[in-house]
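Protein chains in written order, with our numbering: chain L, 300 to 643; chain Y, 300 to 643; chain X, 300 to 643.
Hints listed in this document are in silico derivations from the structure and should not be mistaken for laboratory results. Among these hints, one or two may not hold up.
Any copy will do: because identical chains look the same in the list, a pair fits if it lies in one copy or spans two.
Claimed, not checked - Calculated pairs, DSS-like style, for lysine-lysine (alpha carbon to alpha carbon, straight line, at most 30 angstroms):
{"hint": "1", "residue 1": "618", "residue 2": "638"}
{"hint": "2", "residue 1": "639", "residue 2": "394"}
{"hint": "3", "residue 1": "638", "residue 2": "394"}
{"hint": "4", "residue 1": "345", "residue 2": "618"}
{"hint": "5", "residue 1": "618", "residue 2": "497"}
{"hint": "6", "residue 1": "394", "residue 2": "618"}
{"hint": "7", "residue 1": "638", "residue 2": "345"}
{"hint": "8", "residue 1": "394", "residue 2": "497"}
{"hint": "9", "residue 1": "497", "residue 2": "345"}
{"hint": "10", "residue 1": "618", "residue 2": "639"}
Residue strings, one per chain:
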Amino acid sequence: MAEATLGEIAAHLGGELIGDPTLRITRISPLESATPSSISFLSNVKYQSRLASSQAGCVIVGPAMREAAVARGAALVTPDPYLGFARLTQWWAAKTRPIVAAGVHPSALVEPGALVAASASVGPFVVIESGATIGEEAVLGAHCFVGHGASVGRATRFAPRVTFSHGCHIGDRGVLHSGVVIGADGFGFAASPGGAVKIEQLGGVRIGHDVEIGANTCIDRGALDDTVIEDGVKLDNLIQIGHNVRIGAHTAVQGCAGVAGSTTIGSRCIIGGASIMLGHLTIADGVIITPGSAVTRSIRQPGTYSGIFPIDDNASWEKNAATLRNLHTLRDRVRALEKKTSGP
Amino acid sequence: MAEATLGEIAAHLGGELIGDPTLRITRISPLESATPSSISFLSNVKYQSRLASSQAGCVIVGPAMREAAVARGAALVTPDPYLGFARLTQWWAAKTRPIVAAGVHPSALVEPGALVAASASVGPFVVIESGATIGEEAVLGAHCFVGHGASVGRATRFAPRVTFSHGCHIGDRGVLHSGVVIGADGFGFAASPGGAVKIEQLGGVRIGHDVEIGANTCIDRGALDDTVIEDGVKLDNLIQIGHNVRIGAHTAVQGCAGVAGSTTIGSRCIIGGASIMLGHLTIADGVIITPGSAVTRSIRQPGTYSGIFPIDDNASWEKNAATLRNLHTLRDRVRALEKKTSGP
Amino acid sequence: MAEATLGEIAAHLGGELIGDPTLRITRISPLESATPSSISFLSNVKYQSRLASSQAGCVIVGPAMREAAVARGAALVTPDPYLGFARLTQWWAAKTRPIVAAGVHPSALVEPGALVAASASVGPFVVIESGATIGEEAVLGAHCFVGHGASVGRATRFAPRVTFSHGCHIGDRGVLHSGVVIGADGFGFAASPGGAVKIEQLGGVRIGHDVEIGANTCIDRGALDDTVIEDGVKLDNLIQIGHNVRIGAHTAVQGCAGVAGSTTIGSRCIIGGASIMLGHLTIADGVIITPGSAVTRSIRQPGTYSGIFPIDDNASWEKNAATLRNLHTLRDRVRALEKKTSGP
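Using the sequences and the hints, build the whole thing.
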């Protein structure tokens, strides 16, 4: 278990520390489960009521919460407590996680003609094919696969069991979680009398810097040109990105979403979980899609867009759904009534 | 192929056997495809009509179906024929499947400081990191990965290619299918002027006893505290469980469902396939969610809840969907009509 | 980089070449990003406007577009330009991709009693269990797993990291992408006072010829009989196919779809992305399901079927959704109005 004093934490994060700098902190905790040796945080004024009752040894708060925090014990006051919390988790993780040693595990298979930087770490049973390049400080977990001519940037980390196929590229400081598949074939066939004829997918996948990709997420290679994921994009788990999609910088996509081929998503969008986008659409910068919505047309203006059937108890839903099946006739009946009552 | 006599089966399952105990059974079959050397079962009176025409050598039935079953041939009468069938499949599987030998395959990599019980079986190319513990009679299929400090309980079986990350724990008699990823990072970032800052995920995943997890399903580690899956939970394939979710005992989740972070689901719920739950919700015990529904608010009462757009032929759907887009104006028009016709 | 002359391409594809047969082509490109050394194609008259402005060295077109294509430069005229393009990608891929050498990689584990054809290629760290059969010219990428008694047909290719479990079978010329899991247990339990009792899944998965299965897609083994995927079926990524499903020949299923157990889908259907099908349904041949639809009943007639809540800006959606929650009372109000105004 890690340990740090409040003083060390304050020195790392900056901000004003009110309280005993020698207090030993052994955990970062949410307000509700915090103990006197925990440091916690309050980022949303909505949860202010949890502050007074928390057992936390210290709470990171914004200036507006300074007094309320000090009233209950030690406090670290920073302009953006959630950002402070994020930085604290990074510092904590660096202190507590096992150090990954540089070098290629003896069981790994690095084909001749592949280039692995000296400071990179290649885990057991990894396969790196010829022509691939692994950057400085990159980490490939156990059972990863990097195909012919693919490249992995500096300090990019692959969890165990990532498939990164031939001719795909990722920049620096990326994080790919287990089960990710980059560069499987896009879904493309031409009809013929003898059945579907496969369109070989000749493009690749180009991923920028600071991209994170969640477990079991798939990004298909382009048919001719590349599928493109720009800098700072964050993809959650179990997402499907079709061929020739482009996702703009700093867009976040939540879990279980699917984006069909050749759709272009702008930058700084938030695509809700389990939402889907048809192919060949264009989505503007700054669009927010509510989870579970089906995007069936291009969206040209920033804003929030939704399309979810509201959940209800089953009996009510059944009655409403039955009426919905005949909604256009209901509209016709209203029209008829309007006509009837508008008479002289 | 396995073989057993009716008498052996009856001795194993209990119940009343009407028919020749020396009859040789070589298969368990559905009523429709059964042959005279099959044993079949009828658990739902709804399918009673299939009984008379079945070629099965013997049929497992409940007391109410005793006469109908005997009228056509041999029968095994038990209070709960579906449960009897389930137990029969277990007996059959134990008879027919290759025995998994205890021991660590020579190609597996067990780091110093990992503890593998003597009766456990560790398959080829498995990686077990230091500090991990593998219980008695546990089975890890080929290409599995168990991270630092993780623990796998007694008689828990991992199919080939399961990722079980550092600091995650599972109890006894669990079954994890291929492609499962336990303990990938939850999806958490803090906004900053320079782009999203990763919140390192410092919690783990704690899984109880008798839990089954389907192929390619993902359970993320908690941000600070653990993600928790209680005893007897059954998860189907391709499910996403976000960080700090808690799933209550004996709840079943069908395939392709997604549960966003910090949601708490009660015990003995049934969460329908491809349904989604937003984050930070609370779902009571005994809730049933219809497949394809989006749960956007907490549910405090047991019962069945639904929210699916009814499927229809495309032309009808288009007309209804077009009207739905202006549903609130239709309501306003009805209001206006009501006002108009309520006058003196 | 590959290179071919227009003459070589025309000789391979057939059709009428108008233009210089010695022109060197180094890429196949979409019309928009084509350069003078690209060959491109126009398959849909809708995109005709892109033709004139394209920089492509040559364009594959149908007879109707002959004049328009010739007006701008070289053209290859074929009856079905999209099919011609598909065949060209295959020819190009064969020219440019590394040749996969026959033979078993020394790091692979082939158990005694497994049969691997001499012309098959088995990659590093592959595991093939006893009783399995790998056909001529089959390719198993790195980290693949083939279980006891499974069989892989002639010229079928597994990308790295495919799990193909015991007792499953696939025909010839199949393509399975990374992360695919064939033959995990179907989701079946019988209730008992002590909790759910697992129904061991004793069936297998039978897959026909010319089947393609996308990344991280799962097909569960049957409970008693087999799950069946007929010839020519194409499955995209992240699809869930439950136990005892049958998918008819030449049906295509788009990404993120889910099909629950025991549903039978006809042949030449198109099942839209992220759509779901409940279990025990029957879907006729030639049915098209719009992406995102929930199929909750059997469909007996070919045609297109839809069920999606239309997406809208959030404010409009909220108003419509709120009205939808009381839709049946709106209908009752219309009825009351009709009664009132129908009087004498």
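Verification of the supplied hints:
no., hint, verdict
1, 618 <-> 638, "both (28 angstroms within a copy, 21 angstroms between copies)"
2, 639 <-> 394, "neither (78 angstroms within a copy, 73 angstroms between copies)"
3, 638 <-> 394, "neither (75 angstroms within a copy, 70 angstroms between copies)"
4, 345 <-> 618, "between (37 angstroms within a copy, 26 angstroms between copies)"
5, 618 <-> 497, "neither (46 angstroms within a copy, 36 angstroms between copies)"
6, 394 <-> 618, "neither (57 angstroms within a copy, 50 angstroms between copies)"
7, 638 <-> 345, "neither (51 angstroms within a copy, 42 angstroms between copies)"
8, 394 <-> 497, "between (50 angstroms within a copy, 16 angstroms between copies)"
9, 497 <-> 345, "between (54 angstroms within a copy, 23 angstroms between copies)"
10, 618 <-> 639, "both (28 angstroms within a copy, 23 angstroms between copies)"
Going down the numbered hints, you'll see the structure goes against 2, 3, 5, 6, 7, while the others check out.
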